[in-house]
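As they're listed, the protein sequences go chains F and G.
According to this note's numbering, the first sequence is numbered sequentially starting from 86.
According to this note's numbering, the second sequence is numbered sequentially starting from 9.
In short, the hints are calculated from the structure, not lab data.
There's no promise every hint is true.
FRET-style restraints, in silico, Cβ to Cβ [unchecked claim]:
| id | chain 1 | residue 1 | chain 2 | residue 2 | range |
| --- | --- | --- | --- | --- | --- |
| 1 | G | Gly107 | F | Ile128 | 32 to 42 Å |
| 2 | F | Arg150 | G | Asp334 | 30 to 40 Å |
| 3 | G | Asn309 | F | Phe199 | 49 to 59 Å |
| 4 | F | Ile137 | G | Asp106 | 25 to 35 Å |
| 5 | G | Glu79 | F | Thr312 | 39 to 49 Å |
| 6 | G | Gly310 | F | Asn300 | 48 to 58 Å |
| 7 | G | Gly107 | F | Ala289 | 53 to 63 Å |
| 8 | G | Asp334 | F | Met297 | 26 to 36 Å |
| 9 | G | Asn309 | F | Tyr165 | 33 to 43 Å |
Quick reminder that beta carbons are idealized off the backbone N, C-alpha and C, glycines included.
Here are the chains, one letter per residue:
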Amino acid sequence: MSTDTKTPTADEPEAGETPESKPNFMRLFGRYLTEANSVMVTIYSLLLAFLIGAILLIVSDEYTRSTFSYFFSRPQDAWYASRDLIVESYTALFEGAILNLSTLDRYAAGTAEFGDLLRPLSETLTYATPLIFTGLAVGLAFRAGLFNIGAQGQLIFGMMGALIIGFALDLPAVIHLPLAVIAGALAGAAFGAVPGVLKATTGAHEVISSIMLNNIAALFLVWAISTEFLHSETKTDLITKPVDESAVMPKLLSGLSESLRVNWALLIGIGAAVFTWWLLSRSTFGFRIRAVGFNEHASATAGMRIGSTYTTTMAVAGGLAGLAGAALSLGVGSAGITTNTALEYGFDGITVALLGRAKPGGIVAAALLFGALKAGALSAQPDVPVDISTLLQATIVLFIAAPALVKAILHLRTPRGGLVTLEAKGW
Amino acid sequence: MAVKPFKLALAGLSAVGLAALAACGEAPSENGGDDNADASFLACMVTDSGGVDDKSFNESSWAGMEAAAEENSDIKVDFKESSSETDYDPNLQASVDDGCNFIIGVGGLMTENVNTAATANPDIPFATVDGFSEVENVYSIQFDTAQSAFLAGYVAASQTKTGTVATWGGMKIPPVTIFMDGFAEGIEKHNADKGTDVKLLGWNAETQEGTFLNSFEDTAAGKSTTDTFITQNADIIFPVAGPAGLGALTAAAENDAVNAIWVDTDGYESTEYGAELITSAEKGLANAVKDSVLAAYDAANGGEAISGSYVGTLANDGVSLAPFHDFDSAVSADTKAELEALTQQIIDGTLVVESPASPAAQ
Numbered sequence: 086m087s088t089d090t091k092t093p094t095a096d097e098p099e100a101g102e103t104p105e106s107k108p109n110f111m112r113l114f115g116r117y118l119t120e121a122n123s124v125m126v127t128i129y130s131l132l133l134a135f136l137i138g139a140i141l142l143i144v145s146d147e148y149t150r151s152t153f154s155y156f157f158s159r160p161q162d163a164w165y166a167s168r169d170l171i172v173e174s175y176t177a178l179f180e181g182a183i184l185n186l187s188t189l190d191r192y193a194a195g196t197a198e199f200g201d202l203l204r205p206l207s208e209t210l211t212y213a214t215p216l217i218f219t220g221l222a223v224g225l226a227f228r229a230g231l232f233n234i235g236a237q238g239q240l241i242f243g244m245m246g247a248l249i250i251g252f253a254l255d256l257p258a259v260i261h262l263p264l265a266v267i268a269g270a271l272a273g274a275a276f277g278a279v280p281g282v283l284k285a286t287t288g289a290h291e292v293i294s295s296i297m298l299n300n301i302a303a304l305f306l307v308w309a310i311s312t313e314f315l316h317s318e319t320k321t322d323l324i325t326k327p328v329d330e331s332a333v334m335p336k337l338l339s340g341l342s343e344s345l346r347v348n349w350a351l352l353i354g355i356g357a358a359v360f361t362w363w364l365l366s367r368s369t370f371g372f373r374i375r376a377v378g379f380n381e382h383a384s385a386t387a388g389m390r391i392g393s394t395y396t397t398t399m400a401v402a403g404g405l406a407g408l409a410g411a412a413l414s415l416g417v418g419s420a421g422i423t424t425n426t427a428l429e430y431g432f433d434g435i436t437v438a439l440l441g442r443a444k445p446g447g448i449v450a451a452a453l454l455f456g457a458l459k460a461g462a463l464s465a466q467p468d469v470p471v472d473i474s475t476l477l478q479a480t481i482v483l484f485i486a487a488p489a490l491v492k493a494i495l496h497l498r499t500p501r502g503g504l505v506t507l508e509a510k511g512w
Numbered sequence: 009m010a011v012k013p014f015k016l017a018l019a020g021l022s023a024v025g026l027a028a029l030a031a032c033g034e035a036p037s038e039n040g041g042d043d044n045a046d047a048s049f050l051a052c053m054v055t056d057s058g059g060v061d062d063k064s065f066n067e068s069s070w071a072g073m074e075a076a077a078e079e080n081s082d083i084k085v086d087f088k089e090s091s092s093e094t095d096y097d098p099n100l101q102a103s104v105d106d107g108c109n110f111i112i113g114v115g116g117l118m119t120e121n122v123n124t125a126a127t128a129n130p131d132i133p134f135a136t137v138d139g140f141s142e143v144e145n146v147y148s149i150q151f152d153t154a155q156s157a158f159l160a161g162y163v164a165a166s167q168t169k170t171g172t173v174a175t176w177g178g179m180k181i182p183p184v185t186i187f188m189d190g191f192a193e194g195i196e197k198h199n200a201d202k203g204t205d206v207k208l209l210g211w212n213a214e215t216q217e218g219t220f221l222n223s224f225e226d227t228a229a230g231k232s233t234t235d236t237f238i239t240q241n242a243d244i245i246f247p248v249a250g251p252a253g254l255g256a257l258t259a260a261a262e263n264d265a266v267n268a269i270w271v272d273t274d275g276y277e278s279t280e281y282g283a284e285l286i287t288s289a290e291k292g293l294a295n296a297v298k299d300s301v302l303a304a305y306d307a308a309n310g311g312e313a314i315s316g317s318y319v320g321t322l323a324n325d326g327v328s329l330a331p332f333h334d335f336d337s338a339v340s341a342d343t344k345a346e347l348e349a350l351t352q353q354i355i356d357g358t359l360v361v362e363s364p365a366s367p368a369a370q
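Construct all of the structure, not just a fragment, from the sequences and the given hints.
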């Protein structure tokens with residue numbers, strides 16, 4: 086606060102405003118910071134998650150833990166050890182995800198290329214790419230009141246669709262690559278439509294059917310890889326044929342360094358986010374999705390066909406997840422996919438969509454954050470346990486999903502509209 | 009909403025009390041320091057998707073790395089885990105960036121990625137475990153485990169009471185099927201030499217088809233697979249599936265008449281089911297990795313560069329049959345003598361254990 090309190094008029098640069106506008110803004114801003122609105126809950130969730138991460142880092146580090154056993158005879162040991170550990174660990178995550186400071190030194194000294202400097206960012210974007218798609222796949226369905234847990238299965242089918250077109254056809258790259266991408270989207274859409282059709286025709290709950298379809302897809306993949314059609318001709322391990330050179334996603338920055346893996350799939354991902362935004366907020370179909378998500382009975386009364394909305398929404402969501410699969414099998418997994426290639430990208434899409442509050446822009450931001458955590462944790466090991474990224478993701482989403490918890494821990498005010506918590510209807 | 013101050017104080021007091029109890033220890037005189045903190049040679053290992061604590065070949069390789077660091081205090085070791093094959097490239101690249109002087113990629117699936125990294129960094133020696141590479145600065149570490157599995161199969165055929173033994177694998181990949189091939193051949197040898205008619209379930213060496221879990225982790229599936237074989241009369245089980253093989257051992261522990269043979273390490277020491285294990289078909293991964301790290305260190309310090317490949321065999325103790333431990337009295341002296349003779353024949357080359365997955369075949 087300013088010591089100069091007697092002349093409030095002096096603090097009034099914007100003419101024409103009421104005298105209290107400035108203190109009012111400050112107070113409003115302060116109010117905003119201490120209120121459990123969606124933006125602040127997200128920010129506080131991130132901070133709390135990193136705090137819990139720090140505690141777990143201390144607990145899991147043997148040396149730091151040992152300094153606590155003689156805390157009372159020499160407390161500074163525990164203090165310095167904990168501080169150094171946390172600073173080093175989070176610095177290592179930052180260096181693996183954004184900018185490696187030692188590479189920066191080498192670059193300044195002329196021993197590293199500019200491309201080496203970009204590698205952490207490239208890795209972040211590479212790991213974020215599939216998450217953008219699966220996050221959109223889950224987020225779009227959220228808006229229609231559907232909980233799409235099936236993104237993992239849709240991704241697996243998209244992966245196979247793109248892969249098959251990728252190696253089986255012999256075409257010039259201008260046609261081959263787009264065709265393989267479209268095949269991935271279509272395969273994902275076809276698989277994604279299944280829970281939608283089941284819900285529309287039989288009332289089967291999409292959560293149950295999409296979970297089961299995930300298992301079916303995962304086991305189908307194991308079988309499919311072992312068939313002669315898909316199985317690698319040169320290896321006996323459970324791995325598929327590689328896609329043709331003409332169907333491989335070109336790297337975005339290969340001009341700078343071959344080791345920068347970020348590829349065109351990222352651009353497709355951003356395009357998909359823009360498309361989803363347009364679909365939801367500018368198209369008639371998007372209006373129908375939101376109306377059905379808001380109140381299906383009212384929508385039905387208004388003459389909307391609920392069943393077909395469910396089916397199409399799930400198909401579009403499946404198509405988005407299928408694109409994630411195409412991004413994998415034509416990108417980082419172009420040398421052949423295994424049962425491990427899909428990782429947990431489909432399930433992580435749920436957390437991305439929750440963190441992004443089912444809005445396309447938020448989903449891209451959340452995917453970038455999770456991509457950064459994954460890239461950072463991968464490069465920071467073994468000094469930092471690799472599981473820290475999963476742990477941070479889980480903790481962040483735990484807080485996001487329970488705004489009341491954040492509010493209680495930090496004694497935040499209830500915002501005017503009440504606590505905002507994202508939920509899929511239809512339970 | 010408000011917590012009662014009294015309760016809060018009580019909770020706080022007890023927490024402080026607990027912390028004080030836990031924190032009353034003596035301070036050490038000076039910090040012990042990191043192991044080999046200022047070593048000049050950094051050896052790095054990139055795991056495959058199993059992770060460094062997989063109780064299988066990643067863990068054995070890491071044990072070899074640590075053993076090398078223990079033997080030579082000028083060597084520091086580090087690892088990076090991969091969660092899928094899409095992590096291989098960044099992990100290998102990060103190892104290069106970390107300034108590693110020797111980089112080992114564990115798992116045959118990584119061989120091509122190791123080749124690419126090695127070609128891009130011709131000054132750094134690389135190694136690939138369970139894979140074969142022709143790149144000059146890549147050292148291949150492979151094992152002819154068909155030989156040790158052959159001896160295990162011979163023992164199994166001599167020990168079975170029902171005349172039926174069974175095997176199953178984690179995944180149909182060469183480092184697994186080679187064990188099954190050798191095991192099948194050992195049984196055949198026993199049948200041919202001793203006129204027995206021991207049947208093997210779970211693997212057909214001719215068609216190369218058999219029973220696989222498609223997982224190295226799913227112990228429950230391992231147990232149910234084993235139970236199925238037990239109902240088909242098998243009384244000795246040979247699971248080739250890393251940790252998932254523990255499922256077979258729990259099944260064996262539940263059936264007095266059923267025993268098992270372990271793979272990769274001496275299961276009598278590495279598992280809790282020593283009483284069920286007749287023997288183990290060992291693969292000397294840790295030693296091979298350790299030797300390669302030490303050799304790479306020597307090369308970096310003016311010695312001869314390591315190149316070419318290493319194939320672990322009975323002859324160089326790279327693979328072996330573990331002791332019988334609790335079953336020492338059950339295995340007859342005749343069988344032991346025959347095993348010794350067979351070992352000698354394999355070492356001499358008069359007896360060749362063949363598998364399509366053998367390192368020699370590449």
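Here is what the structure says about each hint:
The beta-carbon spacing between G/Gly107 and F/Ile128, approximately 37 Å, falls within the hinted interval of 32 to 42 Å. As the Cβ distance of F/Arg150 to G/Asp334 is approximately 39 Å, the hint placing it in 30 to 40 Å holds. With their beta carbons about 34 Å apart, G/Asn309 and F/Phe199 fall outside the hinted range of 49 to 59 Å. Here the CB-CB span from F/Ile137 to G/Asp106 is close to 28 Å, well matched to the stated 25 to 35 Å.
Hint check: G/Glu79 to F/Thr312, Cβ distance near 47 Å, so the stated range 39 to 49 Å holds. Look at G/Gly310 against F/Asn300: about 57 Å separates their beta carbons, and that is inside 48 to 58 Å. At about 56 Å, the beta-carbon gap between G/Gly107 and F/Ala289 stays in the expected band of 53 to 63 Å. For G/Asp334 and F/Met297, the hinted distance range of 26 to 36 Å is not satisfied, since their beta carbons lie about 45 Å from each other.
The hinted window of 33 to 43 Å between G/Asn309 and F/Tyr165 holds, with their beta carbons roughly 36 Å apart.
The structure is inconsistent with the numbered hints 3, 8, although it conforms to all the rest.
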